[in-house]
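**Q** Protein sequences appear in the order of chains U and A.
4 is the number of the first residue of the first sequence in the working numbering; add one for each residue after it.
22 is the number of the first residue of the second sequence in the working numbering; add one for each residue after it.
There may be inaccurate statements among the hints.
Reference excerpt, derived from the structure (chain A facing chain U, CB under 8 angstroms, subset only) [what the hints assert, rightly or not]:
1) R30
2) A284
3) T302
4) L306
5) R310
Distance ranges between label pairs, derived from CB positions [unchecked claim]:
6) A:I330 with U:M131: 29 to 35 angstroms
7) U:P47 with A:I330: 34 to 40 angstroms
8) U:G22 with A:F294: 22 to 28 angstroms
These are calculated hints, taken from the structure and not from any lab test.
Positions of the beta carbon are idealized from the N, C-alpha and C atoms, including for glycine.
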Amino acid sequence: MSDNPIISINGLSKHFRAGAGDFTALHDINLTFRMGEFAGLIGPSGSGKTTLLNIIGSLDIPSEGEAIVLGKSVATLSHKESAMLRNIHIGFIFQTYNLLPVYTVFENVEFALLLQKKNATQRKKAVMEALEWVGLTDKERSRPAQLSGGECQRVAIARAMVKRPSLVLADEPSANLDAKNSHHIVQTMKRLNRELKTTFIFATHDEKVMKYLDRIITLIDGRVDKDIVVESPKN
Amino acid sequence: MITLKLAFRNLFGAGLRTWLNVFVLSFAFVIIVFTNGMLDGWNRQAYNDTKNWIAGNGQLWHASYDPYDPFCLQDAHAPVSGKISQMVKSRQITPVLITQASIFPGGGMQNILLKGIDTEQSIIRIPSASLKDSGDGIPAIIGKRMAASAKLKIGDHVLMQWRDKNGTFDAREIFIADIFSANVPSIDNGQVWISLAELQKITGLQNEATFFIAGAQYTGGDVDNWKFRDLKFLMKDIDAVMKAKKSGTSMVYMLLLALALLAIFDTQVLSVFRRQKEIGTYIALGMTRGKVVGIFTAEGTVISILAIIAGLIYGIPLLMLIQNTGIPMPGSVDDYGLAISDKIFPYYSMGLIMSTVLLVIISATIVSYFPARRISKINPTEALKGKIQ
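Assemble the whole structure, with the sequences as input and the hints as a guide.
**A** The following block contains the structure:
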């Protein structure tokens with residue numbers, strides 16, 4: 004793991020309008036993530052995990068404070084700049100996979116590379132490599148509807164990893180999976196974290212995932228309750 | 022390019038929904054080409070027939086001549102002399118003299134326009150050679166409509182009464198030497214054609230004419246007191262009727278196009294609501310909102326492109342078949358007073374096809390853009406959860 008901070012969060016708060024008043028989802032968050040971390044945000048529902056991930060992923064902006072991701076303050080980025088940041092440097096993995104239903108597995112994984120305007124040869128090579136990481140080379144022509152939940156999530160991992168991002172944000176990636184598949188996909192991500200030095204940040208309350216994390220940040224009611232570095236996480 | 026590629030992928034993946042829209046729009050495309058082709062074919066045929074049968078390459082009118090005013094005929098004639106006489110001799114133009122007359126077929130009376138034309142002329146298609154004196158009274162030719170209304174056939178004799186230049190009535194028998202079949206009612210209905218020399222003789226209007234029909238060598242312009250009326254002027258009635266017909270027909274196909282576009286609009290509105298998660302995913306994967314709007318808009322454009330391809334696949338053989346066989350026209354359309362044949366052969370110009378292609382593509386793109394604009398205001402974090410905004 005490198006000492007270089009990939010994310011710096013300073014005094015970050017996030018308020019949402021709720022009826023006549025405001026609801027504060029995050030209170031004065033201060034965190035730093037280093038390159039190559041395999042970290043998790045844990046906590047009960049409504050604790051602010053997804054909100055924090057969304058801000059780190061520049062899908063949302065803080066109400067107060069700042070979030071600096073890969074040297075860029077997400078609050079000051081234009082739509083185009085934040086899209087470019089996500090396209091090049093950030094991979095997303097969602098609880099419900101969010102695969103594009105009309106695309107094949109190959110096309111789903113290829114999508115980010117199309118946006119990067121890579122040529123067909125480069126795309127093919129990178130996609131096949133990513134599918135090999137997740138063990139789905141034989142499913143490249145299948146559509147998401149033809150896959151199991153575990154396979155869909157592995158496609159989502161391949162899609163997040165195919166562009167070799169610096170950072171992967173995974174929001175409850177195992178919530179829809181059985182125990183075997185949960186272990187399998189977290190092991191896959193852990194392996195990629197080791198081999199490619201990609202930083203992974205999870206939002207999860209799945210204990211099966213937590214066992215693999217080397218840093219666990221507990222959020223309660225939008226505040227950092229605990230920030231623990233795990234000495235010997237499961238591999 | 023990526024936007025179009027992704028739009029193609031999305032549409033092919035969407036299956037039946039895409040193909041229904043494609044079919045409806047392609048149907049509208051083919052109908053637009055067909056109806057405009059019909060009118061253009063009619064227009065071309067009317068234009069050519071009118072030119073070949075009466076208008077020539079323009080006409081030189083007596084200053085008092087007005088084809089819509091039968092009372093003008095009393096004065097609308099003048100001697101063929103000077104420069105115009107030379108032009109007649111060199112067959113650049115051919116004279117026509119008109120007077121009013123009556124015929125008495127089957128005991129009844131019918132008012133007619135009696136027209137005299139040079140038997141040697143070859144500028145227009147009227148078979149004037151049939152008017153050469155055969156020694157059996159005054160030979161006359163009439164059109165098929167006139168023959169039908171007066172119940173006359175070739176070889177029939179009928180009494181004709183007219184006034185000479187002094188206003189004195191005179192009468193003689195004419196015999197029908199020929200019946201011509203022209204698509205131009207204005208040379209047919211209520212008209213009898215005899216030899217110009219004969220008409221000049223029986224009316225006492227020696228060497229006089231009402232107008233001249235110009236041949237291909239005539240270059241245009243007034244001659245002495247004769248006013249030149251070019252083809253544009255002579256065709257203005259046809260143009261006016263065609264414009265009126267086109268606007269009436271365009272209402273029908275615009276309605277059809279509007280229905281097809283409504284289907285696309287409807288699909289797009291539904292897509293923007295139904296595909297929230299997909300929109301959120303596009304944004305999360307690094308697509309700008311503008312590009313996502315572009316994909317949804319391009320989907321409409323791609324539907325229109327597919328509709329045009331589909332329309333060409335079944336439209337080309339169908340429209341070519343109609344172009345070759347023609348569409349039979351009911352007899353009642355003769356009442357329009359326009360040159361119209363028994364069959365209309367549609368004419369599909371490249372301009373017509375290209376303008377229809379552009380109309381379909383641009384309108385489909387516009388109706389796709391309006392619902393897609395909403396995407397620029399979508400909150401991606403809500404969209405990722407599939408929440409309708």
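**Q** Taking the hints in turn, state whether each one holds.
**A** Hints and how they fare:
no., hint, in the structure
1, R30, "6 angstroms, holds"
2, A284, "19 angstroms, violated"
3, T302, "4 angstroms, holds"
4, L306, "5 angstroms, holds"
5, R310, "6 angstroms, holds"
6, A:I330 with U:M131: 29 to 35 angstroms, "33 angstroms, holds"
7, U:P47 with A:I330: 34 to 40 angstroms, "55 angstroms, violated"
8, U:G22 with A:F294: 22 to 28 angstroms, "24 angstroms, holds"
Comparing the model with each numbered hint stated earlier shows that hints 2, 7 do not hold.
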